[in-house]
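Q: The lines below spell out each chain.
There are 2 protein chains.
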Amino acid sequence: MRIAQIAPLIESVPPKYYGGTERVVAYLTDALVKLGHDVTLFASGDSITRARLVSVTPTALRLSNCVDQMAGNILQLQEVMDRSHEFDLLHFHTDYLHFPVTRRSHKKTLTTLHGRLDIPELKPLYEKFNDMPVVSISNSQRRPLPMANWIATVFHGVPADLYEYGKGEGDYAVFLGRFSPEKRADRAIEIARRANMKIKIAAKVDKADEKYFDKEIRHLLDQPHVEYLHEIGEKEKGPLLANAKALLFPIDWPEPFGMVLIEAMACGTPIIAFNHGSVPEIIEHGKTGFIVNTMDKAVEALKNIHLINRDTCRETFERRFSDIVMAQNYVRLYEKALHKQSERSFYLTPAYRK
Amino acid sequence: MRIAQIAPLIESVPPKYYGGTERVVAYLTDALVKLGHDVTLFASGDSITRARLVSVTPTALRLSNCVDQMAGNILQLQEVMDRSHEFDLLHFHTDYLHFPVTRRSHKKTLTTLHGRLDIPELKPLYEKFNDMPVVSISNSQRRPLPMANWIATVFHGVPADLYEYGKGEGDYAVFLGRFSPEKRADRAIEIARRANMKIKIAAKVDKADEKYFDKEIRHLLDQPHVEYLHEIGEKEKGPLLANAKALLFPIDWPEPFGMVLIEAMACGTPIIAFNHGSVPEIIEHGKTGFIVNTMDKAVEALKNIHLINRDTCRETFERRFSDIVMAQNYVRLYEKALHKQSERSFYLTPAYRK
Numbered sequence: 001m002r003i004a005q006i007a008p009l010i011e012s013v014p015p016k017y018y019g020g021t022e023r024v025v026a027y028l029t030d031a032l033v034k035l036g037h038d039v040t041l042f043a044s045g046d047s048i049t050r051a052r053l054v055s056v057t058p059t060a061l062r063l064s065n066c067v068d069q070m071a072g073n074i075l076q077l078q079e080v081m082d083r084s085h086e087f088d089l090l091h092f093h094t095d096y097l098h099f100p101v102t103r104r105s106h107k108k109t110l111t112t113l114h115g116r117l118d119i120p121e122l123k124p125l126y127e128k129f130n131d132m133p134v135v136s137i138s139n140s141q142r143r144p145l146p147m148a149n150w151i152a153t154v155f156h157g158v159p160a161d162l163y164e165y166g167k168g169e170g171d172y173a174v175f176l177g178r179f180s181p182e183k184r185a186d187r188a189i190e191i192a193r194r195a196n197m198k199i200k201i202a203a204k205v206d207k208a209d210e211k212y213f214d215k216e217i218r219h220l221l222d223q224p225h226v227e228y229l230h231e232i233g234e235k236e237k238g239p240l241l242a243n244a245k246a247l248l249f250p251i252d253w254p255e256p257f258g259m260v261l262i263e264a265m266a267c268g269t270p271i272i273a274f275n276h277g278s279v280p281e282i283i284e285h286g287k288t289g290f291i292v293n294t295m296d297k298a299v300e301a302l303k304n305i306h307l308i309n310r311d312t313c314r315e316t317f318e319r320r321f322s323d324i325v326m327a328q329n330y331v332r333l334y335e336k337a338l339h340k341q342s343e344r345s346f347y348l349t350p351a352y353r354k
Numbered sequence: 001m002r003i004a005q006i007a008p009l010i011e012s013v014p015p016k017y018y019g020g021t022e023r024v025v026a027y028l029t030d031a032l033v034k035l036g037h038d039v040t041l042f043a044s045g046d047s048i049t050r051a052r053l054v055s056v057t058p059t060a061l062r063l064s065n066c067v068d069q070m071a072g073n074i075l076q077l078q079e080v081m082d083r084s085h086e087f088d089l090l091h092f093h094t095d096y097l098h099f100p101v102t103r104r105s106h107k108k109t110l111t112t113l114h115g116r117l118d119i120p121e122l123k124p125l126y127e128k129f130n131d132m133p134v135v136s137i138s139n140s141q142r143r144p145l146p147m148a149n150w151i152a153t154v155f156h157g158v159p160a161d162l163y164e165y166g167k168g169e170g171d172y173a174v175f176l177g178r179f180s181p182e183k184r185a186d187r188a189i190e191i192a193r194r195a196n197m198k199i200k201i202a203a204k205v206d207k208a209d210e211k212y213f214d215k216e217i218r219h220l221l222d223q224p225h226v227e228y229l230h231e232i233g234e235k236e237k238g239p240l241l242a243n244a245k246a247l248l249f250p251i252d253w254p255e256p257f258g259m260v261l262i263e264a265m266a267c268g269t270p271i272i273a274f275n276h277g278s279v280p281e282i283i284e285h286g287k288t289g290f291i292v293n294t295m296d297k298a299v300e301a302l303k304n305i306h307l308i309n310r311d312t313c314r315e316t317f318e319r320r321f322s323d324i325v326m327a328q329n330y331v332r333l334y335e336k337a338l339h340k341q342s343e344r345s346f347y348l349t350p351a352y353r354k
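These protein sequences, in sequence, are chains A and X. Reminder that position 268 of the first sequence reads as 268 in the UniProt record's numbering, one-by-one numbering, no gaps. Reminder that position 351 of the second sequence reads as 351 in the UniProt record's numbering, one-by-one numbering, no gaps.
Be aware that a few hints might be false.
Copies of the same chain look alike in the list, so a pair counts if it works inside one copy or between any two.
What the hints assert, rightly or not - Below, a list of computed lysine to aspartate or glutamate pairs in the EDC-like style, where the Cα atoms sit at most 16 Å apart: (1) 215 with 186; (2) 34 with 252; (3) 123 with 161; (4) 204 with 284; (5) 237 with 315; (6) 336 with 209; (7) 167 with 311; (8) 204 with 186; (9) 123 with 68; (10) 215 with 231; (11) 123 with 79; (12) 167 with 281; (13) 235 with 216; (14) 211 with 164.
Hint data in this document are derived by calculation from the structure and do not stem from the laboratory. Treat the numbers as computed from the prediction; the structure is a model and nothing was measured.
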């Protein structure tokens, strides 16, 4: 199949540093190539891919001293449309920016929505564009926008060989990601303390979260059971997870997916997560971790984390969350789009069908 | 003629406070109605217009607690395209956001570019979209983008009755607008001091310019010849200008137009301006003001400001910069677009033709 993947330009594919969407697009693109498809990736010029790369900007916009970020996005959109005859299917990862263009196109398209959707302005937008086929990354992500034309949920995947399975022999729990009010590092620190376990924290502070970090988090990091590793690279992430007894994920927001959940599973590391967003779709309670609603339950879960079989975590990862599984799920969607007898019936598939 | 005007959504039309583009769109839209055209304005729901108003958002985005500003813009774009059959011509004021859509449309469109264009990312964009007919608001504005398909320059206009002619009987010069490094209020204050004249300053401080204001400007406002009026409303602007001996416009950047220049002229007030951007196209040296390159020349000009005939300033305004003149210039362009025998020849009119 001749497939175009259209990535955001804000980060390279994969991203140099943080950037969940671009990382998934990288894994998906390479996995589609591995599966034998003819794939073209539209992304910034510093992207690294097994596919054919088409770039309208030399570098990722976040790293260039770019004044006008929209210009590159519009330029890329036109480049995609100019070349659309070269492809059987266009797969967009750029939110809704292309909708007014692709609605007018006869090319088969689908769009994976990577972000949080509980933003009031999106409601009238998806009421208007209720014919555009969109893919969710968890079922819970769809909740704020039932009117959108959801054609499937496809979970993210990561390459099966990217993270090494580990036995969790370090005597610590781990918190990974960002310090932000919705990620609740404060809860993670307290859960570990009350369960009498060390905690290693590898997280970054976004500009927007600096005040929150200074006020709510910084002083908590001084406790003797806390080891603060600042922001770490991909290479350090694997061993950190593989040696951890558990990943703590005590979130307080509707997380659309949560890449770190499947990264932990890839390392065989069970997860203790609060029940929000995608959590109950990704974690099987009692099998790959514990889903909790209170701090007491979280502490109890961490004390009982040895009840979770780490082999089961890794096996579950391989079965549900590898890059190849993700790519196969998308290929099935692409084929469905292409082989529909009537174009209209594809575009108007009822919402919430998996 | 059935004309659609498509405004940005960031401010209402006209804007509640600051917002040059939306103000011009308001004047143009109402003037087209006065000229007997059937005009539809796409703008935020709190806009006030003589035309038919179509709104996808209840209020201007800057004043709502909007998380995602792009959503409204994309929604409006689709609304415009859904209704495009109702219009003979679509006139966009929304930069380049619509280009990938209108390029594929058979509807006649033109786009007025209201902002500064010396932004590196715009070059590859306008190389790609070198067929999209664009209108500049001064010839100098075009300089960074010679590859764009410039079809005309149309100067901004304001309603002839909006500002009252005055005799400049106040004993002061005036500086109006924003405190920002490119506007050079510091120069204005020094020019007045050295010419032994009072200066009244009505300007706002944008969030982005707060540091600059504190460091470079605040202490200058304490001088005895300076009267600082903070931000003023439209109603106060007229008398302030009409009683001023001169408007000081000692800019240090390529101003694309400069609405305050024609507002001053409407009041009969001559201008002393540094020679950048649109200045030599709007001001006639020795007739409606003085164009200078140095502080010495600016001081000399202010001392000689009585040599400028205030009646000539007002007459020049009425002849060149009224809302009706602007609307007539646009109508001529619209007609040109509609009556072209070949669509292609209109879209490919050579650049820099006035």
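Q: Next, verify each hint and record whether it holds.
A: Results for each hint:
no.: 1; hint: 215 with 186; verdict: within (11 Å within a copy, 39 Å between copies)
no.: 2; hint: 34 with 252; verdict: neither (37 Å within a copy, 56 Å between copies)
no.: 3; hint: 123 with 161; verdict: neither (40 Å within a copy, 42 Å between copies)
no.: 4; hint: 204 with 284; verdict: neither (28 Å within a copy, 57 Å between copies)
no.: 5; hint: 237 with 315; verdict: neither (20 Å within a copy, 72 Å between copies)
no.: 6; hint: 336 with 209; verdict: neither (42 Å within a copy, 53 Å between copies)
no.: 7; hint: 167 with 311; verdict: within (9 Å within a copy, 89 Å between copies)
no.: 8; hint: 204 with 186; verdict: within (14 Å within a copy, 41 Å between copies)
no.: 9; hint: 123 with 68; verdict: between (26 Å within a copy, 11 Å between copies)
no.: 10; hint: 215 with 231; verdict: neither (19 Å within a copy, 35 Å between copies)
no.: 11; hint: 123 with 79; verdict: between (29 Å within a copy, 15 Å between copies)
no.: 12; hint: 167 with 281; verdict: neither (25 Å within a copy, 75 Å between copies)
no.: 13; hint: 235 with 216; verdict: neither (29 Å within a copy, 47 Å between copies)
no.: 14; hint: 211 with 164; verdict: neither (36 Å within a copy, 50 Å between copies)
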